[in-house]
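Novice: Chain by chain, the residues:
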Amino acid sequence: MNGPFNSGKPVVPEPSPQSAGASPRARKPKEPLPFGKTKQAREAEKVLNHIVDDFDDNPKAMDYFYDLFRRVYCRGETIAPDGPLIGTTCIQAPEELIYAMGATPVRLCNGSYHYDQIGAEFMPSKSCSLVKATLGMLTSDDPVPRVGKLDLVVNPTTCDQKKKASAMMQDMGHAVFDLELPNVKESEASRVYWQRSVRSFAEEIRKVTGKKLTRKNLKAALARTQRAEKAFRVLDGFRKASPSIFLGKDAFLVVNAYFFDNLDNWCEAVERLNDELKIRYDNAVRAAQKKAPRIVFTGSPPIFPNLKLPLLIERAGGVVVSDETCSANRMLYDMTAVDEWLVNDMVDSLADKYLKPCTCPIFTKNDDRRRRLLELVKKFEADGIVYQAFAGCQVYEMEQRSVAKTLDENGIPMLYVETDYSPDDEGQLSTRIEAFLESIKTRKRMRQ
Amino acid sequence: MNYFAGLDIGSTAIKVVFVDENGRLAGEHVTPTGSLFYKNAKEAFETLLTKMALQREQVRYLIATGYGRKLFKDADDSISEITANGIGAHEAGKAFGGVGTIINIGGQDSKAIRIDSHGGVTNFVMNDKCAAGTGRFLDVAARNLEIGLEELGDYHFKAVAGPLDINSTCTVFAESEIIGLLANGHGKGEIISGIHNSIARRTVRLAKKVGLDERVYFDGGPALNKGLAAAIEDELGREVVVPEHPQTTTAFGAAILARSEFLAESAERRAEKVELQAQAALAEAAKSASCGPQCGSGACGAHAG
Amino acid sequence: MKSSLDGMAPNWRQRLTLPRGMRDAINGVDFNRFRFWLQIFFFVLLVYGGFTGLNLGNNLPTFSCGYNQNGRPGVCYLLPLQHQLAMPTKALLGYASLTILSGLFIFFLWFIVLNKGWCGFVCPLGTVQDWITDLRVKMGARFTRYSQASFETLSWIKYVLLALMIVIPLGIGAGYFSHDLGAPYCMICPARLIIPTLALNFDQLVLDFSSPGKIVMTTLGAITTGLFLAGSFVKKRFWCFFCPMSAFHYLLSKPAFFRLIKDGDKCTRCGDCYTVCDLQIKEIADDVKNPQIMMDDCIVCLKCVAACPEQGALKATFAGRTVFESTEEGFIKRMEKGTRA
Chain A
1 MNGPFNSGKP
11 VVPEPSPQSA
21 GASPRARKPK
31 EPLPFGKTKQ
41 AREAEKVLNH
51 IVDDFDDNPK
61 AMDYFYDLFR
71 RVYCRGETIA
81 PDGPLIGTTC
91 IQAPEELIYA
101 MGATPVRLCN
111 GSYHYDQIGA
121 EFMPSKSCSL
131 VKATLGMLTS
141 DDPVPRVGKL
151 DLVVNPTTCD
161 QKKKASAMMQ
171 DMGHAVFDLE
181 LPNVKESEAS
191 RVYWQRSVRS
201 FAEEIRKVTG
211 KKLTRKNLKA
221 ALARTQRAEK
231 AFRVLDGFRK
241 ASPSIFLGKD
251 AFLVVNAYFF
261 DNLDNWCEAV
271 ERLNDELKIR
281 YDNAVRAAQK
291 KAPRIVFTGS
301 PPIFPNLKLP
311 LLIERAGGVV
321 VSDETCSANR
331 MLYDMTAVDE
341 WLVNDMVDSL
351 ADKYLKPCTC
361 PIFTKNDDRR
371 RRLLELVKKF
381 EADGIVYQAF
391 AGCQVYEMEQ
401 RSVAKTLDEN
411 GIPMLYVETD
421 YSPDDEGQLS
431 TRIEAFLESI
441 KTRKRMRQ
Chain B
1 MNYFAGLDIG
11 STAIKVVFVD
21 ENGRLAGEHV
31 TPTGSLFYKN
41 AKEAFETLLT
51 KMALQREQVR
61 YLIATGYGRK
71 LFKDADDSIS
81 EITANGIGAH
91 EAGKAFGGVG
101 TIINIGGQDS
111 KAIRIDSHGG
121 VTNFVMNDKC
131 AAGTGRFLDV
141 AARNLEIGLE
151 ELGDYHFKAV
161 AGPLDINSTC
171 TVFAESEIIG
181 LLANGHGKGE
191 IISGIHNSIA
201 RRTVRLAKKV
211 GLDERVYFDG
221 GPALNKGLAA
231 AIEDELGREV
241 VVPEHPQTTT
251 AFGAAILARS
261 EFLAESAERR
271 AEKVELQAQA
281 ALAEAAKSAS
291 CGPQCGSGAC
301 GAHAG
Chain C
1 MKSSLDGMAP
11 NWRQRLTLPR
21 GMRDAINGVD
31 FNRFRFWLQI
41 FFFVLLVYGG
51 FTGLNLGNNL
61 PTFSCGYNQN
71 GRPGVCYLLP
81 LQHQLAMPTK
91 ALLGYASLTI
101 LSGLFIFFLW
111 FIVLNKGWCG
121 FVCPLGTVQD
131 WITDLRVKMG
141 ARFTRYSQAS
151 FETLSWIKYV
161 LLALMIVIPL
171 GIGAGYFSHD
181 LGAPYCMICP
191 ARLIIPTLAL
201 NFDQLVLDFS
211 SPGKIVMTTL
221 GAITTGLFLA
231 GSFVKKRFWC
241 FFCPMSAFHY
251 LLSKPAFFRL
261 IKDGDKCTRC
271 GDCYTVCDLQ
281 IKEIADDVKN
291 PQIMMDDCIV
301 CLKCVAACPE
311 QGALKATFAG
321 RTVFESTEEG
331 FIKRMEKGTR
341 A
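Protein chains in written order, with the numbering used here: chain A, 1 to 448; chain B, 1 to 305; chain C, 1 to 341.
No lab work stands behind these hints, which were simulated from the structure alone.
You can take every hint at face value.
Below, simulated DSBU-like cross-link-like pairs (lysine-lysine); rule was C-alpha separation at most 30 Å, straight line: (1) A/444 - B/70; (2) B/209 - A/126; (3) A/39 - B/70; (4) A/240 - C/333; (5) C/289 - C/254.
Below, a sample of chain A positions facing chain B; criterion: calculated Cβ distance under 7 Å: (6) 435; (7) 439; (8) 442.
Computed from a predicted structure; not experimentally measured.
Where a beta carbon is used, it is the ideal one built from N, C-alpha and C, also for glycine.
Whenever a hint applies, use it, and build me the whole structure from the sequences.
Specialist: Next comes the structure, spelled out in C-alpha cells:
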C-alpha cells in the first residue's frame, strides 16, 4: 500500500535503546495500542454493549453472535478462510461460485465511523458513509473485521460511488474484478448481459483458485447457501410473531455476521437460535411490549457497528420486525430455483437470483421495491416504515419521494431519516423516532 | 383542585405549564436552560408552584418533553416535543378555528408538523443537524447587530429600502456576511428583514413538505418576533396564527396530555376496582348459592324474603 | 438437517379447506416426479388405450392421434374438425353446421375441465418432448433459448397454423383446393408420424406419391417430424410454440375450471418461475397485475408453481378451489432434493 492511502496505519517509531534506558518517563516511544484499545475496537465495543445490555432477556443462542463480534471486532481475531479470500463489495456477486471453486467470500461493506473518517481523508466529503468506510478499511493495515490479504475484490458495478471505488481499490494494490451489472433489470437483454457477466466472473475465480467449476462442486455450494437461506427464512418467520419474540437489533447482528463468518458455523448458530425461538414462541415469551409499534426498516443498510437507527427505534419502544435492506433481507431472502441441475443451468439460475428480485435503487425503476415494502408491511403486520438514507447516497435519497407517495396512498406512515455514521445526530434522531412511534400509537388508539 | 404539569426542557429555555382539572391553562413559567438543566428545571417547576401557591401533591401528573425529557426523573412520563407540540397547538388553535399545520422554531431546530382533527401527528419534518434558520441564528444575528433579541421585530418593520439578500444559510457564515453588510453601510432594518426572509424561506420549505393547512400555527420562542412572523406570512402567502404564548405551546401540550393520562389511569384503576368488587360479589354469591342444597326448608335467611 | 420449518409460526397460513397435513403433503410434493408418472399414465391411456376397447369419442382436446387407429381411445378433435370443414360449402351452411357446433361443444366440455393442463399433463406429443428433454439432460447437454424478439415472432405461428387449418378445408369445400390436401394440419403434424409408430403402426412413415398434393403434404410432414425430433432435443417443448391446438385452447380458455392464478402482491419477481418455464414465458415472473397469468404459450405444467418460493404467490385452482399452491416449505424441499441428487 502506498501514497495517500496508508492513513490507517499506526505510526510506530523504532524504539532507540539509549533513550529508553535513560529516562523511562520522558519521551518514551509510543507503543502501538493493544488491539482492544484502538478506536475501532472501542467503537465496536460500545455498540455491542448497547445491543447486549440495553435489553433484558436476550436469547441465549445470541451469545454465539455477541461473542463472534467481540472476538473479531473488539479483540481482532481472524476467521481463517478456506482457500483464497475473495472480497465482495455488494450482494450481487454470486457467492455460490466462489464457494464452489474452493474460495471464501467476505463482504467488505463496512459500518464503522472510524473507517468512515479515514475514508473521508481521500474521498469527496459528500460521498456516502458506507463507501467511505469500506475504502477507509481497505487502506488500513489493521482492518476490522480482519479480512486478511484479499486475493481478489469483486466489485459489482452498482451505484456510481462503488463504480468509481473500483479504480481506487486498484490503486491501493488490490486485484479488482468489475462485475458488470446492468442498470435496468426488467429487459431480457439485461438478463442475458448479466448472465454473461456472471459467467465471466466464474472464469475469473477459476484463475484465482485454479479449480474448475463442475456440476458436483456447484451443487455442493448451492446446498450450503441453501441451508443458510433456509435458516434465514425460518428466523424471518419468527419475526412475524406478534407480540414480537425477537428484536431487530439481534436480527441485524445475525445477518451482519454472515458477511465474514464461516458459513457452516453461521448456519449452525442460526439453527440453534431458531430452535430457541421456537421454544420462546411456544411459551409466548415476549421481547417487546404488546403494543410496541412494529416497524419495517428500509433504505441504506445498517451494518455493524452502525446499528444506530435500529437501536434507537428499539430503545424507544418500537420493534424492527422486518427490513428491506441489502445488509439483511435482500441478501439472504431470495432462493435459487434450478430446473436441470447442469452447470450452465445452475449458473444462469444463480444469475437470475442475483438480478431479478434485487430492489436496489440503482436500477431505473423501483416498482419492485415499493411492492415489496407493501407486502412486508402486510406480512409482518407492521405499523410503519423507517427509511434510512445515508447522506450522499443519491439513489436512496431520490427514491424517497416515490416510496413515500406509495406508502401514503396505502395509509402507511413513514419516517424518512437522512443520516450518516457519525454519532452526533443521535439526540435529534431519537426525538424524531420517538415522535414517529408516538404518532403510530396515537393513530392506533384512534382507530380503536 | 388538582393540577397537571407539562415541562418542556428545550435547548435554550425551560417552560413549565400547569393546567387545571378542566384542561385550562392555569399558569406558566419560562426560564433559561443554562448548563445545569436538571437543577434549573426543578427550580422552574418549584417557582411556578410557589407563584401559584400550590402544594407539590396538587400536581397529580407531570410529563416532561424537549431534549432533556429523559433525564428529568421526577416526571411521571416523557413524550417527544413533536407529539406534545401537536397536542398543544391543537388545543390552543381551537380559539382560532382549528389548525392543521404547525411551524415550530426552537432554539436549535425547526420543525413543521401536520396534525389531524384530533391533534394526532400525521407527518412531520425537522431541519437536519444544523442550526441554520433556528432561534440560534437570530441570537447570533442580534448579537452581531448589537441589539436585543426582542428588538428584532421592530427593526424588521423599519427597513426603508427592501430587505437585503442574506445568502449564507449557515449560522457561522451568515455572521461574517452580516458584519460585511454592516461595514458596507447597510441599515440594520434591511439586514434584519433580510435575515427574517432567509429563515422564512427555509421554514416554509419544511412546512410545504408536510402539507399546508388553511391555518398555519406558528410557535416556539422566535414566534414572539413579529417581524419573523410577517416574513413567514409573506413567504407562505397566507396568514399565520401566532398564539398568545408561543413559547409554551409544547409544554401546554404536555400538560394536556398529563391530564388525560391521569384520567385514563384513574379510570383504569376505577375499572379495576369495580372488577375487584364484582369479583368479590360473585364469590359471595357463589358462597351463598353453595349453601342452597343443604339448607332444606327455609332455615336460611336467604329464602325468607 | 432436520426440518426446523415445522416450527414456523402457524399464523402465516391461510385458513384452508383441507386439513393442514394433507395440504402440506400436496404442496410439498416432489412435483416433477408426480407429473412424470401422471404423464406416463396418460400416455399409455391415449396411445394404447384403444387396444382395450376404450372409446372416448372424437372430440378430444389433445393429440390422441386419429391415425393411431387401433391404439387410440378417442380422436384428437382437429382431425374431425378439418374433415367437417371440408364439406361442400352448401352442406356446411345447412345441416352440417349442427354437426360442427355439437362437435365443438363436446370438445369444449372436455377442454374446460383441464384447460391447457391437457398440454402439460395429458398430451402424448408433449410427453414425448419431455422425454427427449430428459434424454438430453442425461447426456449433460444444454438447452437453447429463443431471444426475446424471436420468441415474440414465433409465438404467432400457431395462430397462423390455426387459421390455415380452418381456411384450407373451407377452401376445399368451396372447391378452391384439391381434396388431396386432406386434413392439412394433420398432414404436417409430427404426431401423425410419431404416435402411431409408438403403437407399432408404421403406416404413416411413408411418402404418399399418389398425387402432387399428397407428395407435398407428406413431405412436409416428414420435414416437421424431423424438425420436431431435432428441435425438442435442443429446446424444451419445441413444438408447443407452434401448436394450433394450443392456440385454439387459448381462445376458449376464459371459462375453464382449471386455472393458473398469480397473486402479484406476494411476488418478489425473483424470476424462479421464469427460470424453470419450458415455454420461456416472461410474464409469469414479471406481470404482477394480472391474476389470470396463463398466457397463450402456457401448457399449465405447473412447474412454475413448484418453483415459486413465496407462500401462495402462484397457485392452480379448480373451480375456484386451490388444488396446488406455492409454499416456502415445498420449494425448499424440492430444491434440497436437487442439490442432494
